[in-house]
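Asker: In order, the protein sequences belong to chains A and B. Read in this note's numbering, the first sequence has 64 at position 64, and its numbers run on one by one without any break. Read in this note's numbering, the second sequence has 62 at position 62, and its numbers run on one by one without any break.
If you're looking for bench data, these hints aren't it; they were derived computationally from the structure. Incorrect hints may have been included.
Unchecked claim - Taking lysine to aspartate or glutamate and the DMTMM-like style, the derived pairs with C-alpha atoms no more than 20 Å apart in a straight line are: (1) K3/B with E448/A; (2) K3/B with E129/A; (3) K419/A with D386/A; (4) K20/A with E95/B; (5) K24/A with E95/B.
Unchecked claim - Every beta carbon over 12 Å from chain A, so not counted as near; a handful from chain B, in silico: (6) T7; (7) R31; (8) G48; (9) G56; (10) K57; (11) L65; (12) S114; (13) E126; (14) Q156.
All C-beta atoms in this analysis are idealised placements derived from N, C-alpha and C, irrespective of residue type, glycine included.
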Amino acid sequence: MSSVEFRKDLFANERDDTLKEIGKPTIRQDILGHVTGRTPFYDDHLFDGLLHMRAVRSPHHHAQIRSIDTSAAERMPGVRRVATAKDVPHNLNTLLSLIGFGRDDEPLCAHDKVRYLGEAVAWVIADTERQARDACAAVRVDYSVLPHVLDPEEALQPNAPVVNEVYPNNTFDYHNTYDHQKLRFGDVNAAFARADHVIEAEYQMSPIEQAPIETCGAIAAPETNDRYVCHTNTQALFFSLGTTAKLLDIASSRLHFIGGTVGGGFGGKVDSVVEPTAVLGAMLTGRPVKFAWDRYEEMQVGAPRGAERWRLKDGLTRDGKIIARELTGFFDSGAYMRLSPYAIIKGTGHVPGPYFIPNVASNVFCCITNRTPATAMRGFGITAVDFAIECQMDRGAEAVGMNPIEFRILNAYRDGDMKAHRRKAKNTALIECCQVAAGKANWPISAEAAAQSSLTGGGTPERVAIPETVIDSEGRIGERRAGRTSSTSPAKNGTGRVPAGTHGVAVSGAPVQNPDMQIDAERIGHRMGAEPVSAPPVAAAPGVPVRPAAAPSYQAPQPTPPIAAPSGPATPSYAQPAPPTSAPAQAPTPAPAQPASYAPQPASPPTPPAAQPAPYAPAQPFSRGVKRPGSSPFTSGIRRR
Amino acid sequence: MAKTPITFTLNDSEVALFADHGAALIDVLRRGVGDLTPKQGCAQGTCGACTVLIDGKPHLSCLTLAETVEGRRIDTVGGLANGRDLDVLQTTFMEGFAAQCGFCTAGMLLAAKSLLERVPNPDRAEVIEAISGNLCRCTGYEPIVDAILLAAAKMQGRAV
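The task is simple: from the sequences and hints, build the whole structure.
Answerer: And the structure:
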């Protein structure tokens, strides 16, 4: 029955083939429940007196909310409660704040304006789902429609409407400094100059909905001990729990989340929207509340794989070798960030693909538009890049007149090759995959290509070297803000070079990790003497907000020697991966200097700040919750920004 | 709200209850009777996860008014096994990895059950036709089709 074929002849000496289960049929541990219908999905938990919660959703891509009139809805039969943004205790979050990445940019319920079609502006909780739907239709929202932008490149235009005031340039700010994520390896312009063929092409991928058969939903109910139980189909239970604790300003110890059974996810159930909404409903009514998307909401409001546009430029020699690849990418994050900035970091580093290319440059923009926010879906950040790369490979093979499989084998990475993100390739198998695929497809390849191996030919001095990388006069590998030009081409007027063999200035960003003892002061709420962060700039001008000419959060460049010693202490501060939410003036944190004591403190009621043990001496007092460094501030339920 | 008294047979047991006027059969089965095996995926008759057998024929319980099943026989996956003995379809689904998340499985099994009662020895095209009203996002359908064909063969006593 199985069509799986094992090729244990390949790389046979890399494993001792004593596995007992791999390659043998097995029965899933959960499938008895599936075939008998007894698997308990979230909606299979019955509660007496269950109320149904529905959202009132924006009919506009972009509009200011002048007023919300819920009085008619409140008088509708069966309605128990109508809730709006003012009922959400802390109505601003970003999903990755749980790992200290990005600025809080998304409300659970829109209050000042709506930024995408279908954004929630109010909720109705009623005895039946139909009553909740009818009452939703009776909520009157007065909108003032704003111009919208739906294309990621148009969002970068100077006159584009500002979608999300937390990011006034319509881009995510990497390291609070760069409007794009960058990768530089070697010198692409010099390589293009000597290339025999230069191939430029643009590729685009539309948003893709995960479309699980079970839509996103959650049931929350008051529990004993002043807790709330939440049955959910989330793919990320602790994300959902931490996000709920933060948005509702409630200790996570008062939340009892039960999940693990997901009726199809594919990335679409990580966004933690339905859980805080359902728990809010239970808090407001004191009754069990179900909040579930219907199929229309799943398709319209459920976050898809983001739309991506990629421009690739390859330089090839006559004999088929790719010597340079340049990529400019525009990733449509939608109206809010969620997981897109992280996906782009993956996609940027993936640019060469599984190929050895000695000169690589990429700029990828995380663009904010008035589309549904994008999120995870099956290899997000990588899939569309691979689509673009493989289309480009076929064009390259055509340009040099080569068999496309032989062209891939010729350029494939091999064990020991240095990749553009400065990691050595290990356990590579592209050549073998190409050979097997050619055999399966009866696609003839030359004897020479058939004789190649991933094990040999890689890691030679020229393939393992980190090449000289172009930088500009300030020691940077490119402009910080490229949005105006959107050009990837690095430093045509480059005045400096990062010497070959070093990681260079700007790529030395990742500090040496001390795996267990590293204290991320920002993440656990310590200020380390720095000034508290002021609120992000909000351009609240009514009417048509226009992008400011200069980026407000621009950080003054510090004078830097163009060439830094590989591991010297004089690394410029912008090279540090400053926590994105940190104040621009914050000094690099001497993280490992603090002696970390992991001895748990006795669990106690809210501790006065003076009772904190000496080594941590927080500048801001703890209210309660965090017991040791390294634990997320949100799993304690206390938000401290 | 107006209530309608209805009686029907569910998995060989008689059920009598009051249904809300206009209630869908799936809501009566799930919330009223407590048979949670039909799943609601779309509530608009597209996905087939709510499939039940009414007098042996597959129907979408999300689009069936509860009042219309008065006096009829309804079968769900809850009644597919005979005590602890699983139906042949259930065992071939288990062995053939024909379910991943499990949300569509109940509907698939009932669509297949109905097919095998009508056509004991279906060909592949007939199996595909029979489950064409049931969407699955995990498996890619091939293991499901294989499992149904294997079940048909086992029920016929044929070696595979």
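Asker: For each hint, tell me whether it holds in the structure or not.
Answerer: Evaluated hints:
For the hint pairing K3/B with E448/A, the CA-to-CA distance comes to about 79 Å; that exceeds 20 Å, so the pair is violated. A distance of roughly 17 Å separates the Cα atoms of K3/B and E129/A; the hinted pair therefore holds under the 20 Å criterion. Annotation: proposed proximity of K419/A to D386/A holds, straight-line Cα distance about 16 Å (limit 20 Å). Distance restraint check for K20/A and E95/B: the Cα-Cα separation of roughly 18 Å lies within the 20 Å cut-off, and the hinted pair is therefore satisfied.
With a CA separation close to 12 Å, the supplied pair K24/A and E95/B stays within the 20 Å bound. With a least CB separation of 22 Å from chain A, T7/B remains clear of the 12 Å interface cut-off, as annotated. Non-interface call for R31/B relative to chain A: violated, since the shortest CB-CB distance, roughly 7 Å, does not exceed 12 Å. For G48/B, the requirement that its beta carbon stay farther than 12 Å from each beta carbon of chain A is not met, with the minimum near 9 Å.
Against the 12 Å criterion, G56/B stays outside the reach of chain A, whose nearest CB is about 18 Å from its own CB. No Cβ of chain A comes within 12 Å of the Cβ of K57/B; the nearest lies about 19 Å off, and the non-interface call holds. Residue placement check: L65/B keeps its beta carbon more than 12 Å from all beta carbons of chain A (closest about 14 Å). Here S114/B stays apart from chain A, with its beta-carbon at least about 16 Å from theirs, past the 12 Å limit.
For E126/B, the non-interface assignment is confirmed: its Cβ lies about 19 Å from the closest Cβ of chain A, beyond the 12 Å cut-off. No Cβ of chain A comes within 12 Å of the Cβ of Q156/B; the nearest lies about 17 Å off, and the non-interface call holds.
In summary, the numbered hints that this structure violates are 1, 7, 8.
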